[in-house]
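Chains as they are written, first to last, in this note's numbering: chain A, 503 to 729; chain B, 717 to 771.
The hints are simulated quantities; they were obtained by calculation from the structure and are not laboratory data.
Some clues are possibly wrong.
Away from chain B, derived, C-beta distances all over 12 Å, residues of chain A [stated by the list, open to error]:
| no. | residue |
| --- | --- |
| 1 | 538 |
| 2 | 557 |
| 3 | 568 |
| 4 | 628 |
| 5 | 641 |
| 6 | 692 |
| 7 | 697 |
Partial list, computed: chain B residues near chain A (C-beta under 7 Å) [to be verified]:
| no. | residue |
| --- | --- |
| 8 | 746 |
| 9 | 747 |
| 10 | 749 |
Cβ atoms here follow ideal geometry from the backbone N, Cα and C, with glycine treated the same way.
Residue-level listing of the chains:
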Amino acid sequence: MTMNLFNQFLSPTFLGLPLIAIALMAPCLLYPSPAPWWQSNRWTTLQNWFIGSFIKQILSPINTKGHSWALLLATLMVFLITLNTLGLLPYTFTPTTQLSLNMAFAVPLWLATVIMGFRNSPTHALGHLLPEGTPTPLVPTLIIIESISLLIRPLALGVRLTANLTAGHLLIQLVSSAAFSLLLSQTTAASLAVGLLLLLTILEIAVAMIQAYVFVLLLSLYLQENV
Amino acid sequence: MPQLNPAPWFLILVFSWLIFLALMPPKILTHQFPHEPSTLTAHKPKANSWTWAWQ
Numbered sequence: 503m504t505m506n507l508f509n510q511f512l513s514p515t516f517l518g519l520p521l522i523a524i525a526l527m528a529p530c531l532l533y534p535s536p537a538p539w540w541q542s543n544r545w546t547t548l549q550n551w552f553i554g555s556f557i558k559q560i561l562s563p564i565n566t567k568g569h570s571w572a573l574l575l576a577t578l579m580v581f582l583i584t585l586n587t588l589g590l591l592p593y594t595f596t597p598t599t600q601l602s603l604n605m606a607f608a609v610p611l612w613l614a615t616v617i618m619g620f621r622n623s624p625t626h627a628l629g630h631l632l633p634e635g636t637p638t639p640l641v642p643t644l645i646i647i648e649s650i651s652l653l654i655r656p657l658a659l660g661v662r663l664t665a666n667l668t669a670g671h672l673l674i675q676l677v678s679s680a681a682f683s684l685l686l687s688q689t690t691a692a693s694l695a696v697g698l699l700l701l702l703t704i705l706e707i708a709v710a711m712i713q714a715y716v717f718v719l720l721l722s723l724y725l726q727e728n729v
Numbered sequence: 717m718p719q720l721n722p723a724p725w726f727l728i729l730v731f732s733w734l735i736f737l738a739l740m741p742p743k744i745l746t747h748q749f750p751h752e753p754s755t756l757t758a759h760k761p762k763a764n765s766w767t768w769a770w771q
């Protein structure tokens, strides 16, 4: 029973070819590069506005040294939000439900911020491991706790995105299969399930966008700490 | 859980980073933001009222 429900998250292959590659290409196909003329079309203008306002917002708390991460953060945001929202369409595969993909992004980027921090200002970076005003007997314990919390960050980053999207898709599948199976025998219950499904879908659209934003925001916070 | 199947992990890592590094950034980079706010001009610009041309 559980195996059946999780089957939607199997990395799809067709004749041995991994179809996740096509799913990952979808954002590239949806965003044509803006043309060099002054006034672009609506879609390009919308993207332009989004990227501009997003970058202004996410880079405002970071000092100038960290602004070199602007392209990376913008690309990551566009990539993740597109993958997440496209996955809500029927019969599409969401690559961000794969723990491999989310860890593949979380671990190197988090590690990059940590290495940057330790290279540029090691004392400052180590100082993050001990909050100010800690009573002396608590110092060793707190350093251990803070180190653990530092090391758990990439795991949390990756698993947060995976779990949120997986749970959402799973719930949608459960509720929709319940609604479908109840359709003929208990129509009232089925209509309630359909109402629940509608609300769930709206929630999942929000979650898809918010989780992508949270991923990039947390990365920017880790960057802010180390820059 | 099929997500924990380690078989496609490396491939997924390679593919996703390939697309993330090679295909996406050029598209983002070509977006230009021409009207950059400048702190040098301290005076307020003349208020140009504009409205839809009803008449």
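Here is how each hint holds up against the structure:
1. 538: violated, 8 Å
2. 557: Per Cβ check, residue 557/A is inside 12 Å of chain B; nearest 9 Å; violated.
3. 568: Since the minimum Cβ distance to chain B is about 17 Å, residue 568/A lies beyond 12 Å and the statement holds.
4. 628: holds, 30 Å
5. 641: holds, 38 Å
6. 692: Answer for residue 692/A: holds, closest chain B Cβ roughly 29 Å.
7. 697: Since the minimum Cβ distance to chain B is about 30 Å, residue 697/A lies beyond 12 Å and the statement holds.
8. 746: holds, 5 Å
9. 747: With a minimum Cβ separation of about 5 Å from chain A (threshold 7 Å), the hint on residue 747/B holds.
10. 749: Since chain A brings a Cβ to about 5 Å from residue 749/B, closer than 7 Å, the hint holds.
Taken one by one, the earlier hints fail for this structure at numbers 1 and 2, listed in ascending order.
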